[in-house]
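**Q** What follows is each chain in one-letter form.
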Amino acid sequence: MKRIKQQCFGVIMLVIVTLLGWGVAPAMADEFTQEDLNRWESEYMSVVKQGRKVFTDGKLGTNGVACAQCHPNASNTHPETYPKFQKQLGKVVAIWEMINWCIRNPLEGKNLAADDPRMVAMQAYILHERRGVKLQPGKH
Amino acid sequence: MSKSFTRRDFIKSTSALTAASTLPISMVELAFADSSQNFTFAHISDSHIQHIKGTKFVRNWDRGLIRAVAETNLLNPKPDFVIYGGDLAQLGSKPELDRGAEIMSALNYKTYYSMGEHDYYEDLGEYWSKLFGKHYYSFDHKGVHFVVLNSILTYDEWTYDRWPTGKQRMLEMAGIDNPNGSPFMVGEKQRNWLQKDLAKVNKSTPLVVISHSPLQKIWKGWNFWTEDAEEVQELLKPFKKTTVIYGHVHQIQYNQIGNISFHAVMATAWPWPYPATYAQAEQYLPKLTIPMNRADPFHERDATGWQFINMGNGNVDMHYTLNENASRTVAFNTKTGQPEDMGYQAENNRIPPQSHY
Ligand SMILES: [Fe+2]
Ligand SMILES: [Fe+2]
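Residue numbers (this note's numbering), protein chains in the order written: chain D, 1 to 140; chain X, 1 to 357.
If you are wondering where the hints come from, they were derived from the structure by calculation, not from laboratory data. The beta-carbon is built from N, C-alpha and C at its ideal position, and this holds for glycine as well. Treat each hint with caution, since some may be false.
Among chain X residues calculated to face chain D with C-beta under 8 Å, some are [claimed, not checked]:
| id | residue |
| --- | --- |
| 1 | I52 |
| 2 | G54 |
| 3 | N60 |
| 4 | Y160 |
| 5 | I176 |
| 6 | W270 |
| 7 | Y278 |
| 8 | A279 |
| 9 | Q280 |
| 10 | P297 |
| 11 | F298 |
| 12 | S327 |
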């Protein structure tokens, strides 16, 4: 009898714990755990790493030139200033459009789609190297 | 500096040059008391001729060197000789060095070559030697002693034991932001040679040292650096007038440490950002330096160029011939005892493109 009681208590506790989302996967949409944070961070960092690879890859264009040849540590890319007006393009552009300009010209290659994983990765890398710098959209 | 030369005269002639900047070929001749000892030479550097495959090379870098050679040939009055500052090739391959040598062969002047890391790390300068000769040497010209150093050596372990092939070793050194790289140095053997070479030279003889890496420590992260810079400076210290002219950094830099003036040169291939623009590390530019204008990528040759150098009374006036920008002159000011930009040195003379971030 005592044993059954204990078991019942155990089951009730388990139900309560599950409902409140303690210790196990979140039950509510707006809740996340340290584990989640770690996973998201590592997903992000793996894309940053991928971006560094693309950024130093002579095969991104057609002539062997890599982005990092002119932009060590992605410096002089100023991601915090986009979108901004580029007088030579005659309009306000996002940074991926400027990346494509570089791929077409110094790298003599072809545009990447805005959602091409390589384009996303390059932006992750460029911004990661620029982390901590305050946003200044439009700045020249 | 003689009385016949005043700062005002210099500024006048410099602005005359600026006015003629659509034809960046004219040269300022300075009036010194003993003009027979004055001479000029040109300096071309960092062309990074890059092989694609077969007979194809990166057009952009080719054009930079071809243009510098053509303009140097048009100089009037003619320079006494030309210095090449290193990084003729991108990955030190035979086809790259051959093509670079071929473009350079159109020069009408005697040319002295110095070694860059991009020329060296594939075969440790073996093929380069076949084309251009010794890795380090000295010569005298009109009372000035010139020393050319190979300053891009590094630790033996890195050079000889770490990489399975020369090709990989070259690739690892080629990316300046590659954490697998290794700091540049002149090395003990060459410093011993330098000590012996300088022992024969009178201490009042003007000295010009040509190197690829800065013989001063600017930032290790991108190898704007020479590990044994202080030891080399110590050997240059006894000389009253010493100038170090270096390549590698692809940007305007200048500095004065004791009696030694330092000048960096522009690349013919592409410009590099100033180290302080990298947000994840602290770096400093020599306080004296007024930076070059920020590069506009829409102009292919912007922030690239070559330089001609006026040797007057043993000091250096550095004229930057910039393809898509107004020329710049950084000249030794005998009053302040340091190199100064003839147009922008004063705080309120600087222009917005000279702020880098
Ligand atoms: Fe270079
Ligand atoms: Fe270099």
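**Q** Next, verify each hint and record whether it holds.
**A** Hints and how they fare:
The beta carbon of I52(X) comes within 5 Å of a beta carbon in chain D, closer than 8 Å, and the hint placing it at the interface holds. Against a cut-off of 8 Å between C-beta atoms, the interface hint on G54(X) is violated, since the closest Cβ of chain D lies about 13 Å away. For N60(X), the interface hint holds, the least distance from its beta-carbon to any beta-carbon of chain D being 6 Å, beneath 8 Å. Because the closest C-beta pair between Y160(X) and chain D is about 25 Å apart, greater than 8 Å, the hint is violated.
The criterion of a C-beta within 8 Å of any C-beta in chain D is met by I176(X), whose closest approach is roughly 5 Å, and the hint holds. The beta carbon of W270(X) comes within 5 Å of a beta carbon in chain D, closer than 8 Å, and the hint placing it at the interface holds. With its C-beta approaching chain D no nearer than about 5 Å, Y278(X) sits inside the 8 Å limit, and its interface hint holds. Given hint, A279(X) at the interface with chain D, holds; its Cβ is 5 Å from that chain's nearest Cβ, closer than 8 Å.
Annotation: Q280(X) was flagged as interfacial toward chain D, and the flag holds, the nearest CB pair being 6 Å apart, inside 8 Å. Checking P297(X) against chain D: minimum C-beta separation of about 7 Å stays under 8 Å; hint holds. Against a cut-off of 8 Å between C-beta atoms, the interface hint on F298(X) holds, since the closest Cβ of chain D lies about 4 Å away. For S327(X), the interface hint is violated, since its Cβ never comes within 8 Å of a Cβ in chain D; the closest pair sits about 23 Å apart.
Checked against the numbered hints given earlier, this structure breaks hints 2, 4, 12; the rest are met.
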